[in-house]
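Protein chains in written order, with the numbering used here: chain A, 22 to 123; chain B, 257 to 375; chain C, 5 to 487.
Rather than coming from a laboratory, the hints here were simulated on the basis of the structure. Being a predicted model, the structure only gives us computed values, none of them experimental. Take the hints with a grain of salt, since some may be wrong.
Straight-line C-alpha distance at most 27 Å; calculated DSSO-like pairs for lysine-lysine [what the hints assert, rightly or not]:
1. B:LYS315 x C:LYS195
2. B:LYS368 x C:LYS480
3. B:LYS367 x C:LYS480
4. A:LYS111 x B:LYS294
5. B:LYS368 x B:LYS315
6. C:LYS431 x B:LYS367
7. C:LYS480 x B:LYS315
8. A:LYS111 x B:LYS368
9. C:LYS155 x B:LYS368
10. C:LYS155 x A:LYS111
11. C:LYS480 x C:LYS195
12. C:LYS155 x C:LYS39
13. B:LYS292 x B:LYS367
Some chain A residues flagged as far from chain B (calculated, every beta-carbon gap over 10 Å) [as the list claims (entries may be wrong)]:
14. MET40
15. ILE83
16. PHE110
17. LEU120
Computed footprint of chain B on chain A; a stretch qualifies when at least three of its residues, placed anywhere within it, have a C-beta under 8 Å from a C-beta of chain B [stated by the list, open to error]:
18. 60-70
19. 99-109
By construction, the Cβ of each residue, glycine as well, lies at the ideal position given by its N, Cα and C atoms.
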Amino acid sequence: MVPLSHYLILSAVLFAIGMFGALTRRNAIGILMALELMFNAVNLNFVAFSRYLPSTMLQGQIFAIFVITIAAAEAAVGLAIVLGLYRNFKTINVDEINLMKW
Amino acid sequence: MLLSYLPILILVLLAAGFALATLFLSSALGPRRPSKDKLSTYECGIDPVGSARERFSVKFYLVAMLFIIFDIEIVFLYPWAVILNSLGLFGLVEMFFFLGILLIGLLYVWKKGGLEWTT
Amino acid sequence: MTQAFNMADLSTALPEVVLSLVAMVILMLDFIVPKGRRDWLGYLSVLGVLLTLMVLCRQWGATQSAFSGQYLIDPFALFFKILFLASGGLIILMSIGYLRGEGADSGEFYALILFATLGMMLMASAVDLLILYIGLETMSICIYVLAGFLKRERRSNEAALKYLLMGGFSSAIILYGIVMLYGLTGATGLKEIASTLTADTLSNPALILAMVMLAAGFGFKIAAVPFHMYIPDVYEGAPTPITALLAAASEIAGLVILLRVFLVAIPGLQDRWALLFYVLSLLTMTVGNVVAIAQSNIKRMLAYSSIAHIGYLLIGVVAGRELGISATLLYTVVYALMTLGAFAMVILLCVGEVKGERIDDFAGLAQRSPMAAAAMLILLLSLAGVPPTAGFVGKLYLFGAAIERGYILLALIAVVNSAISLFYYMKVAVAMYMRDLPPAGLALSPSRPLRVVLFVTVVGTLAIGIYPGPFLDLAKSSIAGLW
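Kindly generate the complete structure, drawing on both the sequences and the hints.
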């Protein structure tokens, strides 16, 4: 059986990749994808903990289902916002979307 | 314990080996006489028109977004279905409330014209 | 834990059920009511909020847990639910005239505000990380859409995108903290987490990681420095009522879950997280106040001022115990009232081409409308913390709690910060009273609902300032069963 630590390491690596992507990507869709990666890293952790921890009920798996649903809703809203933005700006490069600066 | 997975490993190796062998044999033994028609994109025998790399209409995105939302909500039906017996009538009614809320969402999309392909 | 939920559980969540039904009805009525007459949907939404408040008040003083211990009604939750509903109602009232001016009146806007309020109410009652997360996202996703509601306005688009990306990022960080807590304790209920953590596990580095991640994630949601960089842009670009919603309600909702998680789930680490919030509070109020001085756009200035106020609120969290937390509760009410009033003033000045967003737009307001100028002066004095306004009373209790618990340096810096803030608030007052009216100034014609909002916020600010006793008692009794 694969030990729990492998899942945790995989999840931590995925989370770190997602965070790196979210911070360095210039394309708004790319950032949304990186965010999805972070959410899924967390899901992996939830499911792994739920399987390995003694005496836990299914909270981890249920939590993962809710996270998937909410992430989908967020992605849908995100795509809609990016579409609306593209109509006005003709770009989705976040560096060029800078009307406001202090 | 790992030993019990041995048959699966053998099956995977056999399947991969057969696929690779077929690919290799057909490219090694088969004749090769390329022509302009043979190399063009296959579109049910009709001459291909335009480039395959086109921009898609934004409507596809709308449909995809709606699909994601309604598709994912179905996930909640699975755990509910497993324990339906112990939930009793109240659980059944609750799920219909949930589906009713989704229905209101669908009605909203419909009325807003989100399901219209041509405007 | 395994028994199914039942009617009794549902009745504890009756206010939320009522509110969501109202929101769905508004959404559907949007198709029936023709464009141009959708003001009525706004008034109907306010009625729905009042109805929810009435249902909610039947839970006065009750403490009851429901849905397998995931959901709790207690005085603490009730206090914030009333605050969120009241803010939501006032925000709907101020958007009625605003939307008409922008030519964007629609039922969706009101429905989304109601759904966002619903999310905040869930957050107030959540004693399980799952419910807490669902409430947080219900609120956030609605506000992403609302921030970008003016689809043709480029700044609104930009605000929505920035808020969405930062919101998603912070949610992911909060989730990682939650999953670490779950992994360490095997529980998602806040009380269970606290009871599972023993002396050995308290020093586990993974727990510290979870704590830091949660603090950082909540820091994004409540706009604490150094997680604040997107806030001014979002505040400036979003429609003004939504800016008010973000400042007065959404940040307080973030503070509520922060209080619940840190006080109930990991009280054993109090000496560590108190230090963390000490630094955050210090940075937040100082950066907020200093950067606010340089602003010429009033929405941006108020954004930095709200950041500074979050810094003050965190003082109460650092001080802790009954004294600090009750002072924080009192200040959330004060802060919500004066922030809502200030943004209502920005909407009031939105006449014709003038957006009311520059501080110059306030020039000569005392000649245009002495009443409006006086109202704004009271709100500004309260924001700066000058007696006899609510801002002074709130700060008095907050700083007093900090001194009582030995955080003298923090209290001193907070006082210095208040003095700095007086400077930029008075810049607006000087513009109103000392400068001449620009020749192009049109007459102000505030809509009736906007007058109601201004009246409520100004009177509320004065009432708490002059007679704070009952409000303080309420705050004190609301935290009785929190621990």
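Hints, one by one, checked against the model:
1. For the suggested pair B:LYS315 and C:LYS195, the alpha carbons sit about 48 Å apart, so the restraint of at most 27 Å is broken.
2. Between B:LYS368 and C:LYS480, the direct Cα distance comes to roughly 48 Å. Violation of the 27 Å bound is thereby established for this hinted pair.
3. For the given pair, B:LYS367 sits about 49 Å from C:LYS480 by alpha-carbon distance, which is inconsistent with the 27 Å threshold.
4. Among the hinted pairs, A:LYS111 with B:LYS294 is inconsistent with the structure: their alpha-carbon atoms are about 40 Å apart, more than 27 Å.
5. Taken as a hint, the B:LYS368 and B:LYS315 pair is honoured in the structure, with Cα atoms around 14 Å apart against an allowance of 27 Å.
6. Under the criterion of a C-alpha separation no larger than 27 Å, the hint pairing C:LYS431 with B:LYS367 is inconsistent with the structure, at around 49 Å.
7. For the proposed pair C:LYS480 and B:LYS315, the alpha carbon gap of about 55 Å is over 27 Å, so the pair is violated.
8. Taking the CA atoms of A:LYS111 and B:LYS368, the gap is near 25 Å; set against the 27 Å cutoff, the hint holds.
9. For the hint pairing C:LYS155 with B:LYS368, the CA-to-CA distance comes to about 16 Å; that is within 27 Å, so the pair holds.
10. Between C:LYS155 and A:LYS111 the alpha-carbon distance is near 14 Å, which keeps this suggested pair within the 27 Å criterion.
11. Taken as a hint, the C:LYS480 and C:LYS195 pair is honoured in the structure, with Cα atoms around 22 Å apart against an allowance of 27 Å.
12. With a C-alpha separation of about 17 Å, the suggested pairing of C:LYS155 with C:LYS39 holds against the 27 Å cut-off.
13. About 50 Å separates the Cα atoms of B:LYS292 and B:LYS367, which puts this hinted pair outside 27 Å; it is violated.
14. Every Cβ of chain B is farther than 10 Å from the Cβ of A:MET40; the closest lies at roughly 23 Å, confirming the non-interface assignment.
15. Distance check on A:ILE83: its Cβ comes as close as 7 Å (rounded) to a Cβ of chain B, failing to clear the 10 Å threshold; non-interface status is violated.
16. Listed as outside the interface, A:PHE110 is consistent with that label: its C-beta sits roughly 15 Å from the nearest C-beta of chain B, beyond the 10 Å cut-off.
17. Against the 10 Å criterion, A:LEU120 stays outside the reach of chain B, whose nearest CB is about 23 Å from its own CB.
18. Counting residues of the segment 60-70 of chain A whose C-beta lies closer than 8 Å to any C-beta of chain B gives 0; at least three are required, and the coverage claim is violated.
19. Given a C-beta distance limit of less than 8 Å, the hint that chain B covers the segment 99-109 of chain A holds, as 3 residues qualify and 3 suffice.
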